[in-house]
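Here are the chains, one letter per residue:
2 protein chains.
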Amino acid sequence: MMTLSDVAKILKSQDNIEILTHHYPDGDTLGSAYGLCIALQNMGKNARVVLSGKCARKFSYLLDGVKESNFTPHFIMSVDVAAKSLLGENEELYSDKIDLCIDHHGSNTLGVNDSYIDDTAAATAEIIFDLINVMGEKITPQIANCLYTGVSTDTGCFMYTNTTSKTHRIAGELIDLGADFGEINRKMFETKTKEKIALERMVYDTLDFYYDGKLAIIYTTIAMQDKLNLGDDEMEGLASIPRQIEGVKMGITIREKKNRDFKISVRTNGDTDACEFCKRFGGGGHKAASGCSIQGDLITVKQTLIAAAEEILL
Amino acid sequence: MMTLSDVAKILKSQDNIEILTHHYPDGDTLGSAYGLCIALQNMGKNARVVLSGKCARKFSYLLDGVKESNFTPHFIMSVDVAAKSLLGENEELYSDKIDLCIDHHGSNTLGVNDSYIDDTAAATAEIIFDLINVMGEKITPQIANCLYTGVSTDTGCFMYTNTTSKTHRIAGELIDLGADFGEINRKMFETKTKEKIALERMVYDTLDFYYDGKLAIIYTTIAMQDKLNLGDDEMEGLASIPRQIEGVKMGITIREKKNRDFKISVRTNGDTDACEFCKRFGGGGHKAASGCSIQGDLITVKQTLIAAAEEILL
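Quick mapping for you: the protein sequence lines, in order, are chains A and B.
Read in our numbering, the first sequence has 137 at position 137, and its numbers run on one by one without any break.
Read in our numbering, the second sequence has 19 at position 19, and its numbers run on one by one without any break.
Read the hints as simulated data drawn from the structure, not as lab findings.
These numbers come from a predicted model, not from an experiment.
Hints are supplied without guarantee of correctness; some may be wrong.
Examples of chain A residues toward chain B, derived with CB under 10 angstroms [stated by the list, open to error]:
1) Tyr94
2) Met159
3) Gly172
4) Glu183
Straight-line alpha carbon distances no greater than 27 angstroms define the calculated DSSO-like cross-link-like pairs of lysine-lysine that follow [as the list claims (entries may be wrong)]:
5) Lys214/B <-> Lys196/A
6) Lys263/A <-> Lys194/B
7) Lys214/A <-> Lys194/B
8) Lys9/B <-> Lys97/B
9) Lys194/A <-> Lys192/B
10) Lys84/B <-> Lys196/B
11) Lys58/A <-> Lys214/B
12) Lys187/B <-> Lys192/A
13) Lys12/B <-> Lys192/A
14) Lys194/A <-> Lys249/B
From the three backbone atoms N, C-alpha and C, an ideal C-beta is built for every residue, glycine too.
Construct the complete structure from the given sequences, taking the supplied hints into account.
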C-alpha cells in the first residue's frame with residue numbers, strides 16, 4: 001500500500017503528465033483532474049487532462065485556471081476511475097498504460113501497480129486535497145473551486161451518508177482558501193435546463209400511488225423523449241422523484257429505452273430492500289437504490305412491478 | 001457586549017428556564033431551543049421550550065430526548081427571535097419578560113439587556129453549540145441531532161453563502177458526536193408531501209418565459225389552493241422554482257392571497273437587482289430575493305410585472 005508521500009514523491013519526479021477521467025465525467029472526476037492539473041502546472045510541470053466524453057457546460061468554470069499544454073506524455077495517471085471499462089472511449093488506448101491510479105472506490109479493479117485507493121474518502125477530491133498539501137503546493141482559489149466541486153457533488157452537498165467530519169473540515173478549508181462555493185452550488189444543485197423542467201412536468205403527470213401511498217411509480221417513454229428532443233443522458237436523474245414523496249417506502253421509475261425494453265430504477269426509504277426486489281428481475285444494487293431491466297409493454301411491465309411489490313409493502 | 005462565558009454563567013446560576021422560539025418555527029429556532037433544553041435538563045435544571053405556533057410534523061424527532069417538565073418559570077430566554085412581533089402568539093405575554101436573548105440576526109430589535117447576538121454565525125445553533133461547550137456540558141447524540149438540524153436548515157445544507165468554515169467545522173464535530181445527519185437531511189430536504197407535489201405539478205403548467213428566457217413567471221390562485229385544499233403556509237416555498245431554470249435572470253412568483261390582492265416574490269441571479277425592482281411597487285428586500293404586493297386582476301398584474309422587467313432585462 002502506497003502512502004500519499006509515496007504518491008507525492010512519484011509526481012514530483014515526473015513531468016509531462018496526462019490525467020485521465022472516467023466517462024460521463026462528473027464533478028468529482030473533473031474537479032480532481034483539473035485541480036491536480038493546475039497544481040502540477042503551478043509546479044512548472046507539463047500536465048493536461050484527457051477527458052472521456054464531453055465536459056458538460058455547467059462544469060466549464062473548472063477549466064478557468066488550466067493552461068493549454070503541448071507535450072508528449074511520459075506519465076499517465078487516472079483519478080476517480082474504478083474500472084477499465086469506465087475509461088470509455090479511452091479504454092483501448094490507455095487501459096494498459098496507466099502508471100498511477102488515485103481513487104476512492106473500494107471496488108477499484110484497474111489493477112495498476114502504483115495505486116492509492118482510500119474508500120473512506122467521500123470523494124477523490126478529498127485525496128487530491130491531501131496530496132497537494134503533502135506536495136507542499138499552494139491551493140489557489142481556482143484549485144479550491146475544483147476540489148470543492150468534487151467534494152460537494154459526490155456528497156449531494158454534504159447531504160449523503162458518505163459525508164464525514166473530514167469532508168466538512170476540507171470543505172471549510174476550501175472556503176477559506178477562496179472557493180466560490182455559493183456560485184458553484186447554485187450551478188450544481190439549483191440550476192435546471194428548460195428541457196429538464198419540461199420533462200419533470202411530463203413525468204409528474206405519470207405519477208401513480210399504490211398500497212396506501214407506500215408505492216409511487218413514474219415512467220418515461222421514447223415518445224416523451226422524442227417530443228422533448230432529449231438525449232439519453234438527459235433522461236437520467238428522475239429516480240429520486242417518487243421516493244421523495246412523504247409516506248412512500250418504494251419509488252419506482254420506469255424508463256422505456258427501446259421498444260419493449262424498460263430500465264427500472266428502484267429507490268427505497270427505511271427498511272424496504274430495493275436490492276432484494278430487483279434481484280427477482282435479474283437486477284441488483286444497494287439496499288436503498290437498485291435497478292433491473294424488464295421486457296414487455298409499458299402496461300404489463302408496470303402491473304408486474306406493482307404485483308411484485310405487494311408482499312413487500314402490504 | 002456579553003461573552004459566551006457570561007451567558008454560560010447566567011444559565012448555570014438559573015433554574016426553571018423557559019426557552020422561546022419564533023413563530024412559524026423553523027429548523028434553527030427549534031433545533032437551538034430543544035438542543036439547549038436537553039443540555040439544561042442534563043445539567044439537572046428544569047427547562048422547557050415554549051413554541052409559538054405548531055412544530056411541523058417533520059421536526060418531531062427533535063423532541064425525542066426532551067423530558068416533560070412541570071415548574072413555574074423563573075427565567076425566560078429566546079433563541080433565534082429577532083423582533084417582538086416574531087414571538088407571534090407569545091408576544092403579549094412574554095415580550096417584556098425576556099431575561100436573555102441569543103440570536104444570529106444582526107438586525108435584532110428585541111432590546112433585551114442581556115443579549116448575545118453574533119451575526120457571523122450562519123445559524124443560532126452554531127452559537128448554542130459553542131455555549132454548551134463553554135458550559136462544559138456533553139453534547140449527546142440527541143443534542144447533536146438538534147444542533148445539526150439548525151445548522152443544516154439555515155444554510156440550505158451548506159449551499160448558501162452564509163455558510164462559513166466554522167459552520168463546516170461544527171457540522172463535522174456534530175457528525176462525530178452522533179448526529180444522524182443522513183436521515184435528518186432526508187427529512188429536511190428530500191421529502192415532499194403529496195399536496196406539495198400536486199401543487200408543483202399545477203404550478204409548472206403556469207410557467208411562462210419572456211425576454212429570451214431571462215424572465216420566468218409562475219403563479220398560484222385561490223382556486224388552485226382550494227382545489228388542493230392547502231393552507232396558506234403550504235403555498236410557500238415555490239419562489240425558488242422559476243429562478244432555478246437555466247438562463248433565467250429574474251424569476252417571479254405571483255400568489256393570489258385574496259380577491260384582487262397578489263403577493264409577488266422576485267428572485268434574481270447574478271447582477272439583476274430584485275430589491276430595486278420591488279421598490280417600484282412599494283416593496284423591498286435583498287438584491288437576490290425581494291417581494292411586494294400588487295392589487296388588480298391576475299392578467300393585469302402579470303402584464304404590469306412583465307412590462308416593468310423590460311428595461312432591467314433587455
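How the hints compare with the structure:
no.: 1; hint: Tyr94; result: 33 angstroms, violated
no.: 2; hint: Met159; result: 4 angstroms, holds
no.: 3; hint: Gly172; result: 3 angstroms, holds
no.: 4; hint: Glu183; result: 9 angstroms, holds
no.: 5; hint: Lys214/B <-> Lys196/A; result: 17 angstroms, holds
no.: 6; hint: Lys263/A <-> Lys194/B; result: 25 angstroms, holds
no.: 7; hint: Lys214/A <-> Lys194/B; result: 12 angstroms, holds
no.: 8; hint: Lys9/B <-> Lys97/B; result: 20 angstroms, holds
no.: 9; hint: Lys194/A <-> Lys192/B; result: 22 angstroms, holds
no.: 10; hint: Lys84/B <-> Lys196/B; result: 31 angstroms, violated
no.: 11; hint: Lys58/A <-> Lys214/B; result: 18 angstroms, holds
no.: 12; hint: Lys187/B <-> Lys192/A; result: 22 angstroms, holds
no.: 13; hint: Lys12/B <-> Lys192/A; result: 50 angstroms, violated
no.: 14; hint: Lys194/A <-> Lys249/B; result: 14 angstroms, holds
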